[in-house]
Amino acid sequence: MSFTVAVDGPAAAGKGTISRAVAAHFGFAHLDTGLLYRAVGARMLAGEKPIAAAEALLPEDLERPELRTAEVAQAASKVAVIAEVRAALVDFQRAFARRAGGAVLDGRDIGTVICPRAQAKLFVTASAEVRATRRLKELLAAGHPTTLAEVLEDVKARDARDMNRSEAPLKPAQDAVQIDTSTLSIEEAVEMAIAAIEARR
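In numbering that gives the first Met the number 0, the protein residues as written are 0 to 200.
Listed next, the in silico BS3-like pairs over lysine-lysine satisfying Cα-Cα at most 30 Å (straight line):
1) K48 x K170
2) K136 x K155
3) K155 x K77
4) K170 x K155
5) K48 x K155
Okay, the calculated beta carbon distance ranges per label pair:
6) L147 x D90: 33 to 41 Å
7) Q73 x K170: 16 to 24 Å
8) P144 x E197: 41 to 49 Å
9) G142 x Q118: 34 to 42 Å
10) S126 x E83: 30 to 38 Å
11) E186 x P115: 27 to 35 Å
Calculated directly from the structure, the hints in this document are not laboratory data.
Yeah, the Cβ is synthetic: ideal placement off N, Cα and C, and Gly gets one too.
The whole structure should be built from the sequences, with the hints applied where relevant.
See below:
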């Protein structure tokens with residue numbers, strides 16, 4: 000029996016952390032769909048055409064260590080606005096969502112485009128300033144020197160691209176439960192997510 004949980008939201012809102020915790024709690028498989036776009040972005044930075052890179056994407060591409068860098072994140076945001084890239088990655092995501100035993104997918108358009116019939120939908124958000132502070136800590140811990148001002152500018156630029164693109168813009172599904180993590184602890188946010196999913200089971 001498949002049960003699909005769609006988790007959407009902007010960068011650094013906490014959707015990945017919540018999705019992994021939810022998947023572990025329910026024993027579901029988890030897919031960070033942003034990694035698909037990061038992998039395509041990384042291949043583009045290496046000289047490939049974005050559409051060809053998306054069509055040739057392999058599961059092992061999702062394991063590349065450089066996918067978490069700021070440069071790849073920006074490249075991912077740029078390739079994500081290309082309709083043909085999105086189309087090439089849809090089947091991969093939908094097949095994952097249908098797997099027996101349940102699946103949690105997190106991204107930007109899971110509840111609206113990829114899995115509009117998902118049994119549970121969450122939209123995880125937080126203020127741009129809170130998200131930039133979180134992302135700064137991640138980048139500094141990973142050895143990528145930067146400043147809060149630079150990260151905040153990146154976060155706002157990504158939000159604008161994600162929300163205003165013509166193909167699958169970032170927005171909450173009408174039936175999504177919204178969770179604002181700006182003032183929540185990880186434990187509180189995860190508890191809210193689990194409660195919302197339990198209500199749909």
